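Protein chains: 2
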Amino acid sequence: MSKRALVVLSGGQDSTTCLYWAIERFGRECVEAITFDYGQRHRIELECARRIAERAGIDQLELPIDTFAALGGNSLIDTAMEVAESPDSDLPNTFVPGRNIIFLTFAAAYAWQKGISNIVTGVAQTDYSGYPDCRRETIDSLSATLQLGMERKFVIHTPLMHLSKKETVLLALELGAIDAMSDTHTCYEGARPPCGRCPACVLRAKGFAEAGIEDPLVLL
Amino acid sequence: MSKRALVVLSGGQDSTTCLYWAIERFGRECVEAITFDYGQRHRIELECARRIAERAGIDQLELPIDTFAALGGNSLIDTAMEVAESPDSDLPNTFVPGRNIIFLTFAAAYAWQKGISNIVTGVAQTDYSGYPDCRRETIDSLSATLQLGMERKFVIHTPLMHLSKKETVLLALELGAIDAMSDTHTCYEGARPPCGRCPACVLRAKGFAEAGIEDPLVLL
Chain A
1 MSKRALVVLS
11 GGQDSTTCLY
21 WAIERFGREC
31 VEAITFDYGQ
41 RHRIELECAR
51 RIAERAGIDQ
61 LELPIDTFAA
71 LGGNSLIDTA
81 MEVAESPDSD
91 LPNTFVPGRN
101 IIFLTFAAAY
111 AWQKGISNIV
121 TGVAQTDYSG
131 YPDCRRETID
141 SLSATLQLGM
151 ERKFVIHTPL
161 MHLSKKETVL
171 LALELGAIDA
181 MSDTHTCYEG
191 ARPPCGRCPA
201 CVLRAKGFAE
211 AGIEDPLVLL
Chain B
1 MSKRALVVLS
11 GGQDSTTCLY
21 WAIERFGREC
31 VEAITFDYGQ
41 RHRIELECAR
51 RIAERAGIDQ
61 LELPIDTFAA
71 LGGNSLIDTA
81 MEVAESPDSD
91 LPNTFVPGRN
101 IIFLTFAAAY
111 AWQKGISNIV
121 TGVAQTDYSG
131 YPDCRRETID
141 SLSATLQLGM
151 ERKFVIHTPL
161 MHLSKKETVL
171 LALELGAIDA
181 MSDTHTCYEG
191 ARPPCGRCPA
201 CVLRAKGFAE
211 AGIEDPLVLL
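Protein chains in written order, with the working numbering: chain A, 1 to 220; chain B, 1 to 220.
Just so you know, these hints were derived from the structure itself, not from any lab.
Do not rely on the hints blindly, as some may be mistaken.
What the hints assert, rightly or not - Computed, partial: chain B to chain A, Cβ under 7 Å:
(1) Gln-60
(2) Pro-64
(3) Ala-69
(4) Leu-71
(5) Ile-101
(6) Ile-102
(7) Thr-105
(8) Thr-138
(9) Glu-151
Claimed, not checked - Simulated restraints, written as ranges between beta carbons of each label pair:
(10) B/Lys-114 with A/Val-218: 37 to 43 Å
(11) A/Pro-199 with B/Asp-179: 51 to 57 Å
(12) B/Pro-193 with A/Arg-192: 42 to 48 Å
(13) A/Asp-179 with B/Arg-192: 42 to 48 Å
(14) B/Glu-29 with A/Arg-51: 50 to 56 Å
(15) A/Arg-192 with B/Arg-197: 27 to 33 Å
(16) A/Gly-130 with B/Glu-174: 44 to 50 Å
(17) B/Gly-27 with A/Gly-72: 24 to 30 Å
(18) A/Thr-126 with B/Glu-174: 26 to 32 Å
(19) A/Gln-113 with B/Lys-114: 29 to 35 Å
(20) B/Glu-189 with A/Arg-28: 42 to 48 Å
The structure displayed is predicted, hence computed values, not measured ones.
Just so you know, even glycine gets a beta-carbon here, dropped at the ideal spot from N, CA and C.
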């Protein structure tokens with residue numbers, strides 16, 4: 001079992017906190033990051049992820065996934081769609097079916113090639129959107145699937161799984177990751193500085209407020 | 001539970017047999033096919049898949065996946081590599097880690113959008129290469145993962161899972177799919193008519209010989 005870890009880094013607050021968690025847990029020299037360019041509406045996320053990895057002194061691989069854009073049908077990719085509730089589902093139209101399963105499977109494929117056993121992801125069951133692929137039981141099932149399908153031992157670490165946004169901010173504080181938050185991206189509108197009004201901005205602001213910490217992104 | 005089915009069609013003998021199996025089981029008007037352009041070394045597979053779908057009178061979606069080529073490192077994609085045993089693994093270097101997991105997850109994402117509940121794949125545990133993502137237990141685990149991760153009921157059908165190549169040929173005969181075999185592609189060398197010498201050609205020839213049926217591809 002290798003002591004090396006691969007962090008799925010989106011450029012957001014949660015995965016950035018996970019990057020610092022992995023650095024503390026495994027040591028900087030044993031951590032690398034993977035970021036997916038899946039045609040996300042807000043390209044600034046990719047630039048944020050690059051800056052975050054650089055600031056943390058971590059190697060980062062950016063991998064393309066052109067398939068979600070070809071599938072279409074959701075507002076995180078399709079710029080013609082408004083972010084909204086889905087008319088025919090309980091899930092919001094920001095739900096990209098299979099997104100985290102695909103991300104973690106490609107992360108595992110890369111980890112397989114490099115002999116890395118630990119994969120770290122910022123998914124959280126407490127995520128307001130209630131995406132089913134962020135839940136503990138989905139991740140546990142996927143972990144079993146990947147180990148069976150690749151004949152390799154993997155541990156998928158989800159340090160934020162049961163944390164509230166307030167607790168995630170406090171964890172970032174403990175890990176010395178607050179300054180790095182100025183490089184993260186959260187806003188669904190793609191604005192920087194953030195719009196402050198979309199559900200993602202409101203949730204982030206609430207977490208910082210409850211933790212009693214100023215968000216360096218808002219101070220930009 | 002919808003009565004519609006999505007067949008993962010690679011353009012090979014196994015997935016073509018599965019397409020005819022699905023047509024018999026669900027009815028032609030309830031079946032569609034999905035084919036992945038993942039940068040496979042032998043582009044002829046894609047042309048074969050198109051012809052097979054057309055011959056069967058089935059709608060087919062071709063989806064790109066550019067990620068495996070970006071990951072590199074295996075001979076089914078990387079044209080600079082020879083097909084061979086891997087020096088540092090029990091698996092041959094044709095093993096693309098996570099390939100079937102990715103295919104079935106994207107198939108499920110498309111099925112999710114279209115309200116299709118049945119996914120059909122030609123994976124077989126008896127496959128000579130022993131790819132671990134073709135085994136029953138991997139597929140069962142993935143099926144659970146997809147249902148949890150997408151909050152949708154899916155059945156992954158694997159009609160060939162425990163069949164020998166001979167039995168697969170006999171099933172194709174029973175389903176009236178032998179003629180369609182002339183449009184399939186198997187050869188690892190990418191040759192058409194097939195080289196007859198690579199492991200994939202040898203395995204295919206053995207199956208037809210044992211079934212006592214002439215392979216229409218070889219008669220081309």
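### Task
Hints the structure violates: just list their numbers, smallest first.
1, 3, 12, 13, 15 and 18
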